Amino acid sequence: MNIKEIQVPSFLRRAFNGRNAIISIPYLWLLFLFLFPFIIVLKISLAQPVIAMPPYTDLLKWGESWWPTIQASLDSYLFLFSDSLYIHAYLSSLKIAIISTILTLIIGYSIAYSVARAPTRWRGILLMLVILPFWTSFLIRVYAWIGILKTEGLLNLALTTIGIIDKPLIIMNTDLAVYIGIVYSYLPFMILPLYANLEKMDMSLLEAAADLGCRPLKTFWTVTIPLSLPGILAGCFLVFIPVMGEFVIPDLLGGSQTLMIGKVLWGEFFYNRDWPVASAVAIILLAILVVPIMFYQKSQEKAIS
Amino acid sequence: MTETTTTEPWLDSNQKPYIQIVNATKKFGNFTAIDNLSLDIYKNEFFSLLGPSGCGKTTLLRMLAGFERFTEGRVLVDGEDISEIPPHLRPINMMFQSYALFPHLTVEKNIAFGLQQDKLPDNIINQRVEEMLELVELTDFAKRKPRQLSGGQSQRVALARSLAKQPKLLLLDEPLGALDKRLREQTQFELMDIQEKLEVTFVIVTHDQEEAMTVSSRIGVMDSGKLIQVATPTQIYEAPINREVADFIGDVNIFKGIYKGQDEKGTQLLSEDSKSIIYATQKVDVPVGNRIWFALRPEKLEISKKLPEVDCNILKGKIEDIGYGGSFSTYHVKLENGRQLTAIRANRERTAEHHLTWGDEVYLHWVPHSAVVLLS
Ligand SMILES: Nc1ncnc2c1ncn2[C@@H]1O[C@H](COP(=O)(O)OP(=O)(O)OP(=O)(O)O)[C@@H](O)[C@H]1O
Ligand SMILES: [Mg+2]
Numbered sequence: 424m425n426i427k428e429i430q431v432p433s434f435l436r437r438a439f440n441g442r443n444a445i446i447s448i449p450y451l452w453l454l455f456l457f458l459f460p461f462i463i464v465l466k467i468s469l470a471q472p473v474i475a476m477p478p479y480t481d482l483l484k485w486g487e488s489w490w491p492t493i494q495a496s497l498d499s500y501l502f503l504f505s506d507s508l509y510i511h512a513y514l515s516s517l518k519i520a521i522i523s524t525i526l527t528l529i530i531g532y533s534i535a536y537s538v539a540r541a542p543t544r545w546r547g548i549l550l551m552l553v554i555l556p557f558w559t560s561f562l563i564r565v566y567a568w569i570g571i572l573k574t575e576g577l578l579n580l581a582l583t584t585i586g587i588i589d590k591p592l593i594i595m596n597t598d599l600a601v602y603i604g605i606v607y608s609y610l611p612f613m614i615l616p617l618y619a620n621l622e623k624m625d626m627s628l629l630e631a632a633a634d635l636g637c638r639p640l641k642t643f644w645t646v647t648i649p650l651s652l653p654g655i656l657a658g659c660f661l662v663f664i665p666v667m668g669e670f671v672i673p674d675l676l677g678g679s680q681t682l683m684i685g686k687v688l689w690g691e692f693f694y695n696r697d698w699p700v701a702s703a704v705a706i707i708l709l710a711i712l713v714v715p716i717m718f719y720q721k722s723q724e725k726a727i728s
Numbered sequence: 036m037t038e039t040t041t042t043e044p045w046l047d048s049n050q051k052p053y054i055q056i057v058n059a060t061k062k063f064g065n066f067t068a069i070d071n072l073s074l075d076i077y078k079n080e081f082f083s084l085l086g087p088s089g090c091g092k093t094t095l096l097r098m099l100a101g102f103e104r105f106t107e108g109r110v111l112v113d114g115e116d117i118s119e120i121p122p123h124l125r126p127i128n129m130m131f132q133s134y135a136l137f138p139h140l141t142v143e144k145n146i147a148f149g150l151q152q153d154k155l156p157d158n159i160i161n162q163r164v165e166e167m168l169e170l171v172e173l174t175d176f177a178k179r180k181p182r183q184l185s186g187g188q189s190q191r192v193a194l195a196r197s198l199a200k201q202p203k204l205l206l207l208d209e210p211l212g213a214l215d216k217r218l219r220e221q222t223q224f225e226l227m228d229i230q231e232k233l234e235v236t237f238v239i240v241t242h243d244q245e246e247a248m249t250v251s252s253r254i255g256v257m258d259s260g261k262l263i264q265v266a267t268p269t270q271i272y273e274a275p276i277n278r279e280v281a282d283f284i285g286d287v288n289i290f291k292g293i294y295k296g297q298d299e300k301g302t303q304l305l306s307e308d309s310k311s312i313i314y315a316t317q318k319v320d321v322p323v324g325n326r327i328w329f330a331l332r333p334e335k336l337e338i339s340k341k342l343p344e345v346d347c348n349i350l351k352g353k354i355e356d357i358g359y360g361g362s363f364s365t366y367h368v369k370l371e372n373g374r375q376l377t378a379i380r381a382n383r384e385r386t387a388e389h390h391l392t393w394g395d396e397v398y399l400h401w402v403p404h405s406a407v408v409l410l411s
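Here the protein sequences line up with chains A and B, keeping their order. So in this note's numbering, spot 108 of the first sequence is number 531, and the numbers just go up one at a time. So in this note's numbering, spot 359 of the second sequence is number 394, and the numbers just go up one at a time.
No wet-lab data here; the hints were simulated from the structure. Bear in mind that the values here come from a model prediction, so they are computed numbers and not experimental data. Hints may be right or wrong, so weigh each one.
Calculated Cβ distances over 12 angstroms to all of chain A for the following chain B residues [claimed, not checked]:
1. Arg125
2. Asp153
3. Ser185
4. His242
5. Lys351
6. Val397
7. Val408
With a straight-line Cα cutoff of 27 angstroms, these simulated DSS-like cross-link-like pairs (lysine-lysine) come out [to be verified]:
8. B:Lys144 x B:Lys180
9. A:Lys641 x B:Lys154
10. B:Lys310 x B:Lys340
11. B:Lys340 x B:Lys318
12. A:Lys484 x A:Lys466
13. B:Lys154 x A:Lys725
14. A:Lys641 x B:Lys180
15. B:Lys369 x A:Lys623
16. A:Lys721 x B:Lys178
17. A:Lys623 x B:Lys62
18. B:Lys310 x B:Lys369
19. B:Lys144 x A:Lys641
20. B:Lys300 x B:Lys335
21. A:Lys721 x B:Lys180
22. A:Lys641 x B:Lys178
23. B:Lys154 x B:Lys261
24. A:Lys623 x B:Lys178
25. B:Lys335 x A:Lys725
26. B:Lys178 x A:Lys725
27. B:Lys351 x B:Lys291
28. B:Lys203 x A:Lys641
29. B:Lys180 x B:Lys216
30. B:Lys341 x B:Lys300
31. A:Lys518 x A:Lys721
32. B:Lys318 x B:Lys341
33. A:Lys623 x B:Lys180
34. B:Lys144 x A:Lys721
Backbone N, C-alpha and C fix where the C-beta goes; we use that ideal spot for every residue, glycine too.
Looking at chain B on its own, in the form it has when it is part of the complex:
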């Protein structure tokens, strides 16, 4: 990051946002795809949009790129209102979810297309195209036509084409979905590299929450055309604001119950999943007797055959199912009331003496600090 920007510009009220989406609404007939959405994105951010299919992510990107007119609201880039500027004059490039490669042009001509519009000299275009081809590992495919490429290769060409112009704002609509894991991770790091080198601001749509976690400075979780939460990956994961966000990002165990007040161990919850009161450290400000929820990530749930030597947050259950994941294992544990919880434990010992198998009676336990209290 440069010296003029802090690492978390959104916390600094002196920082001016690079992109300001102000009360954006997009309607297709009677259907509201984007619903009065406001969002500030700062320079050099790597902003991820996450949300279920059909929630309006692509629509939002298309509004930024200029392909969809705002029904209401506007968008400012660097303080300038660009809502009325046609797409070919916007300093924004977009990678399309459908790739939109020109079928009559070779891979290299596709990548060169944007550069040619800027009337750059040929040698610079060629050099830039070569760099891009190397970046996406397609040098050998330069002379191919798009229909001679696999899905992943097409996706890389689309990515290279949108990167070639080195725009100040790059919109990526599921840029890595069709890549294999190795290439995806590699490209993720390349993207972060490019972003630091070229000072590009990225807005990226993804279905892959792990990817969002890895690359983003901030994540915006969307649903039905609205932003539910905008926060750093850690905040989204550790402190989701409601069940929807918690559920959408990673696995989560949710305990539903009645708020019973506070004591020295924290917030008390009476849940039908536990005979005794369960605790979370986080304080809440609602009347006693309200319905609240505890959210607990599977890796925060400890699993053992011995009764843990603690005085609260112990549940008894039986292992239903084990998923072996190499470095960790996932356990599905059925509580006495039939509820199923998920716990994850790292596989530290190769031949664990605390070996757990199907049907074992186990205790689940968490420290009050790990649970998040949700009000909705």
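Chain A on its own, in the form it takes in the complex:
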């Protein structure tokens, strides 16, 4: 009867209660699926390329002594800044990401707005149609665009048949094709957060604005847009961040002059087999993206407080 109670130290008991266990799941997720891979990439970016397997030097060199010596070099990073190709690729990616985010926002907002204002029984179906393309592989959908946009493709065929143009348009392998591909592929990521926001908007606010003498168009700018700002931000980041690193669309639809950092990254890994430079490209890309992410975090915090 007199079993001695096992004394668990209080800090351990606190660390392993149910609440902490649940909270720790996302942290563990981040640790294993984000932080570890990131550290590995960072480590490779500080190494030197060699012709070996794996194709880079070890960061830690075990010599005669007990302690390993660290062999880190910033050569890969210096290389990135010495060759203007990389800076151009970053800037070009930034430009393409910004322009396509804006295009996606304009198109996505009008779609989200009309779905949110449609009769309730229609909304589910309309939303379904927005998500429907996801049922087909992304790659196949991009390939389909080649069939539409190429010189003897569906679009040119249709336009020449109707007689709007007599020479086929050159769209394939230009930046325009890349924009079309990106806007098309990322539209659902813009529409969904915008729809979620617009759908729960209190319609009596629009009535109140009208009641106070505000014209409908002005109400849209002074009430609807500010209130949907969280949705706009979420949608823009969901589009901007992946587009920055986009590789497939510029590779398939863009021309040789379409420069995007994702394509460069791919080239470094698979054609040059220069893993350290490729890793450095990735790390710098991440550093560039951290700025808008922090911006987004700030705005979210402000919205909550």
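Put chain B with the ligands on the given structure of chain A with help from the hints.
Positioned in the frame of chain A, the structure of chain B with the ligands alone reads:
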């Protein structure tokens, strides 16, 4: 009141109504929310709409403000048909039952919103906003966002916002419901003040009949999308046209019975609540033997332990329950047939020698003049 208007313009056939609602009907699908309703409201009136929840008060206001289209009928303001004018062009402001404050704007920006639409100069806007903030006692909260306010504070912001534009017609949907008693009474008087100063016509929806009594020039009692009675507070209280109105406005004792004719004491009613005939002075024009009702306000029912020295309208009962209300007490008296009546007596003496307590055998009595005869 100005010299051009009488105090009771609705009695003067020369007066033109400011707002005319003509045969208004509003249907939501098959459901009729407003049923062929006609109403004239005069300039500078303080018109209250009263009625049970869901009777169509908000719908009627929304039709006036332009948010609900008329299924049938129309509304004229100052003789002009505005039924087809969109809400942002109507010279009407409305305070929403749900407040509808802009969550992304501070209190002062909310109040300034309507003024900014009129493109007024900044200094005038600021001054007006300050006045409004003072009026609703929210000067210290000017920089807050709506979600940082309590319910009552939000309500005051909504009120200030609708008042800021000083419209000719102001629609208030339960404007004071969430305020405490002191602030409510204060704001009621402020509203009446504003109305006289700015010559605003008010249409106000309220659940609080005391409030309706205090502030209104006239009250419209609604039920199921129809107006049952439109009259001054005194008329509504003292001469309700049917049991529904009588019951809805204040407490009332109703005696059901058979009309037995008239004599020198008035209308005779044979009721199962009384062994002898009871009387009301008011005359009626229905055949003898019809079912009619007497309505009697609790304060008109006198209560005493001694047998009153009168020859009619005496009922005997036993005190069931006493509610002490400070200046008055409410007595629930059970008659011999089990019916319970309510009487109110002012607490004039601090230590009443006619002290009444639970279980006392008492007499209830009223003068025939106090009872109202109802035909339905
Ligand atoms: N948009 C609508 N669609 C369908 N029915 C509606 C709509 N708006 C109101 N109703 C119905 O019309 C009736 C009147 O509603 P209204 O809001 O005018 O009531 P109210 O008198 O203001 O009630 P309360 O005192 O509770 O505010 C209610 O039965 C309500 O369900
Ligand atoms: Mg209502």
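Hint-by-hint comparison with the structure:
1. Arg125: Check fails; 8 angstroms does not lie beyond 12 angstroms.
2. Asp153: violated (6 angstroms)
3. Ser185: It holds; B:Ser185 is separated from chain A by about 18 angstroms at its closest Cβ, greater than 12 angstroms.
4. His242: holds (20 angstroms)
5. Lys351: holds (56 angstroms)
6. Val397: Correct as stated: the minimum Cβ-Cβ distance to chain A is 53 angstroms, above 12 angstroms.
7. Val408: holds (44 angstroms)
8. B:Lys144 x B:Lys180: holds (9 angstroms)
9. A:Lys641 x B:Lys154: With a Cα-Cα distance of about 13 angstroms, the restraint between A:Lys641 and B:Lys154 holds, given a limit of 27 angstroms.
10. B:Lys310 x B:Lys340: Holds - the C-alpha atoms of B:Lys340 and B:Lys310 are around 19 angstroms apart, at most 27 angstroms.
11. B:Lys340 x B:Lys318: Measuring from Cα to Cα gives roughly 31 angstroms; hence the hint is violated.
12. A:Lys484 x A:Lys466: At roughly 13 angstroms apart (the allowed maximum being 27 angstroms), A:Lys466 and A:Lys484 satisfy the hint.
13. B:Lys154 x A:Lys725: violated (31 angstroms)
14. A:Lys641 x B:Lys180: holds (21 angstroms)
15. B:Lys369 x A:Lys623: violated (54 angstroms)
16. A:Lys721 x B:Lys178: holds (21 angstroms)
17. A:Lys623 x B:Lys62: Cα-Cα ~26 angstroms, so holds.
18. B:Lys310 x B:Lys369: Cα-Cα ~15 angstroms, so holds.
19. B:Lys144 x A:Lys641: holds (16 angstroms)
20. B:Lys300 x B:Lys335: Holds: B:Lys300 and B:Lys335 sit about 18 angstroms apart, inside 27 angstroms.
21. A:Lys721 x B:Lys180: Holds, because 19 angstroms separates the two Cα atoms, which is no more than 27 angstroms.
22. A:Lys641 x B:Lys178: holds (23 angstroms)
23. B:Lys154 x B:Lys261: violated (40 angstroms)
24. A:Lys623 x B:Lys178: holds (26 angstroms)
25. B:Lys335 x A:Lys725: Violated - the C-alpha atoms of A:Lys725 and B:Lys335 are around 61 angstroms apart, more than 27 angstroms.
26. B:Lys178 x A:Lys725: holds (16 angstroms)
27. B:Lys351 x B:Lys291: holds (17 angstroms)
28. B:Lys203 x A:Lys641: holds (24 angstroms)
29. B:Lys180 x B:Lys216: holds (25 angstroms)
30. B:Lys341 x B:Lys300: holds (23 angstroms)
31. A:Lys518 x A:Lys721: Roughly 24 angstroms separates the two Cα atoms, so the pair holds.
32. B:Lys318 x B:Lys341: violated (30 angstroms)
33. A:Lys623 x B:Lys180: holds (19 angstroms)
34. B:Lys144 x A:Lys721: Distance ~24 angstroms between B:Lys144 and A:Lys721 Cα, so the pair holds.
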